[in-house]
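Work the whole structure out from these sequences, hints included.
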Amino acid sequence: MTGYLVAILTFVSLAVLLGFALNLQWGQAGMINFGLAGFYGVGAYTAAILSKQGADGFTATVAAIAMTAGLSAVVSLATLKLREDYLAITTLAFSELVRLVLTNETWLTGGANGIRDIPRPLIGIVGGEGYELFFLLLCLVLVAGTYLILERIIRSPFGRALRAVREDDIVAATLGKNVLALRVKAFAIGGAVVGLAGALHAYYFTYIDPGEFAGFVTVYAFMAVIVGGKGSNRGLLLGACTVMILLEGTRFLKDFVPFFSAQQAASLRLMMIGAGLVLILIFRPDGISSEYRLSIRKSARSELNS
Amino acid sequence: MTQALLNGVVSGLLIALPAIALSLTYGILNFANFSVGAMITAGAYLAYIANASFGAPIMLAAPIAAVVLALIAIAIQHGVYRQIRNADHVTLLVASMGVAFVLENVTRFFYGADVRTLDVPVARPLLWNGLRLNHEQLTIAVVALSAMVVVGFILKRTRLGRAMRAISDDPDLAEVRGIRRARTVDWTWALSGVLTALAGVLIALDGVVDPTIGMNYLVSIFAAAVIGGIGNPFGAVAGALIIGLVEETSALAVSTTYRQGISFVVLVLVLLIRPQGLLGGARVRR
Chain A
0 MTGYLVAILT FVSLAVLLGF ALNLQWGQAG MINFGLAGFY GVGAYTAAIL
50 SKQGADGFTA TVAAIAMTAG LSAVVSLATL KLREDYLAIT TLAFSELVRL
100 VLTNETWLTG GANGIRDIPR PLIGIVGGEG YELFFLLLCL VLVAGTYLIL
150 ERIIRSPFGR ALRAVREDDI VAATLGKNVL ALRVKAFAIG GAVVGLAGAL
200 HAYYFTYIDP GEFAGFVTVY AFMAVIVGGK GSNRGLLLGA CTVMILLEGT
250 RFLKDFVPFF SAQQAASLRL MMIGAGLVLI LIFRPDGISS EYRLSIRKSA
300 RSELNS
Chain B
0 MTQALLNGVV SGLLIALPAI ALSLTYGILN FANFSVGAMI TAGAYLAYIA
50 NASFGAPIML AAPIAAVVLA LIAIAIQHGV YRQIRNADHV TLLVASMGVA
100 FVLENVTRFF YGADVRTLDV PVARPLLWNG LRLNHEQLTI AVVALSAMVV
150 VGFILKRTRL GRAMRAISDD PDLAEVRGIR RARTVDWTWA LSGVLTALAG
200 VLIALDGVVD PTIGMNYLVS IFAAAVIGGI GNPFGAVAGA LIIGLVEETS
250 ALAVSTTYRQ GISFVVLVLV LLIRPQGLLG GARVRR
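In order, the protein sequences belong to chains A and B.
Numbering that gives the first Met the number 0 numbers the first residue of the first sequence as 0 and each following residue consecutively.
Numbering that gives the first Met the number 0 numbers the first residue of the second sequence as 0 and each following residue consecutively.
No lab work stands behind these hints, which were simulated from the structure alone.
One thing to keep in mind: the hints can contain errors.
[As the list claims (entries may be wrong)] Chain B is faced by these chain A residues, among others (derived, beta-carbon under 10 Å):
| hint | residue |
| --- | --- |
| 1 | Thr89 |
| 2 | Trp106 |
| 3 | Leu267 |
| 4 | Arg268 |
| 5 | Pro284 |
| 6 | Ile287 |
Idealized CB from N, CA, C, for every residue including glycine.
Shown next as structure tokens:
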């Protein structure tokens with residue numbers, strides 16, 4: 000049971016990291032990333048391939064972060080002249096491309112068989128016994144660190160400029176903000192967080208294959224963000240837990256309803272996630288918690304939220 | 000080479016149907032419908048149900064699938080998009096992703112991931128001057144062209160089409176002039192359902208039915224719509240032909256597994272160089 004709990008909490012931490020990234024990219028900067036799964040895969044594969052080559056965990060993780068951040072910056076250039084819809088299309092297409100590369104470039108990625116036996120960082124020191132617990136603590140520390148950094152960014156003038164760009168890029172540009180640079184930076188920072196999550200994913204499972212980085216990852220992350228309240232990192236903690244409970248809860252569904260096959264249970268779960276996403280957007284579009292606003296009167300907060 | 004061009008035109012005509020559907024809903028509702036791929040899948044399965052489970056010949060199964068999907072599309076409009084119509088277009092976009100997820104997994108729930116085929120007679124390909132044309136390709140070309148003619152007629156010659164174009168241009172002005180927006184939107188979704196269902200049937204005819212067929216075309220469809228100037232159904236046809244030709248001719252040089260990759264590259268190039276689309280006029284950004 001403890002082992003199960005540790006595993007669940009590790010999953011939640013990974014989901015929270017992905018949510019953080021979306022919260023910055025979408026929540027703060029208004030840039031939709033439908034290719035989250037692809038970037039996540041890039042992070043995981045970069046860390047895995049480098050670790051297999053003998054790089055230590057820290058170096059491989061930093062490389063994964065740099066790689067994902069760099070690619071995010073490049074992809075976000077598609078917003079050069081355009082509104083957000085196009086970024087959604089471009090990122091989605093990017094993640095499809097990533098999936099194709101992961102599946103077909105067998106020499107690099109092992110193809111559909113994936114990469115197995117990825118070395119875990121620091122296992123020599125920690126030992127196999129309590130490694131899961133150690134890894135969870137590592138994840139929690141990283142989540143806390145990322146949270147602090149992101150909150151700092153959100154409350155900085157840079158964060159304010161991002162929100163200005165989100166609300167109206169033309170006004171922001173008129174006031175002398177470099178809209179493109181702001182967008183690229185926001186997307187790259189988000190990408191860095193996704194890369195970190197990807198690397199952790201690879202180390203935790205020690206096995207990755209292209210199927211793990213399909214669209215459902217993106218939808219889970221969106222769901223966590225929307226449940227928690229778009230733009231709110233604190234709400235996200237709650238959102239990620241809700242999504243995980245929903246996912247894990249429905250996993251037991253097939254024990255109660257024996258006539259479902261495993262495949263049916265899996266598709267039912269995905270169906271519920273999709274339906275849940277839509278229902279929240281209809282009935283509770285603001286989520287549980289609202290985003291940070293610099294406000295003088297706390298009571299006026301609800302009116303300020305547009 | 001000529002063979003690749005021929006194949007390209009046929010596959011372009013196929014992509015054109017959902018690309019038109021995407022452009023129609025984009026023009027009128029102002030959001031990119033990401034569930035267009037899942038709608039294709041749903042259409043293919045509806046035809047499969049009518050064809051393989053109820054024994055309807057494909058000539059009957061295809062229209063049944065089209066009508067049922069049109070009704071489903073209207074139901075989704077009322078159940079989902081209408082409920083959040085005051086939200087920004089980004090929210091609608093995310094909602095359409097959720098809808099796509101539900102549609103795709105409903106088919107997976109009932110039919111699993113198994114690959115199925117429609118029950119149609121197999122015929123020898125037509126040969127002409129060394130060019131090969133499958134009967135399926137011929138069907139695709141004929142059906143897609145007829146559907147385009149019908150859509151063109153609706154848009155240019157009927158009251159509904161005028162209403163649709165008016166709303167696409169300026170929704171408020173259209174409403175002031177007495178155009179019933181809700182009804183026009185319903186019809187747009189119906190049309191979109193019919194087009195995607197037909198595309199689904201045609202894809203299934205040429206290959207197989209499985210839960211991912213729609214998703215596999217999603218990038219190409221968006222690329223086509225963007226090239227044509229998204230929101231412009233006539234441009235979407237041209238964009239689809241370009242995408243079809245580029246995908247098929249590139250297969251001579253690049254592995255066919257990277258078809259979607261080619262569309263991605265074309266999409267990015269167009270976005271960077273001519274974001275309003277090859278055919279779209281320079282538009283004032285709002």
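Hint by hint, here is what the structure shows:
Hint on Thr89/A holds. Least Cβ distance to chain B is approximately 6 Å, under the 10 Å limit. Taking 10 Å as the C-beta cut-off, the interface hint given for Trp106/A is violated, the closest approach to chain B being about 14 Å. Interface restraint check: Leu267/A against chain B, minimum CB-CB distance 6 Å, threshold 10 Å, status holds. With a cut of 10 Å, the hint placing Arg268/A at the interface with chain B holds, because the nearest CB-to-CB distance is about 8 Å.
Restraint check, Pro284/A versus chain B: the minimum CB separation of about 6 Å is within 10 Å; hint holds. Because the closest C-beta pair between Ile287/A and chain B is about 17 Å apart, greater than 10 Å, the hint is violated.
Hint violations for this structure: numbers 2, 6, all remaining hints satisfied.
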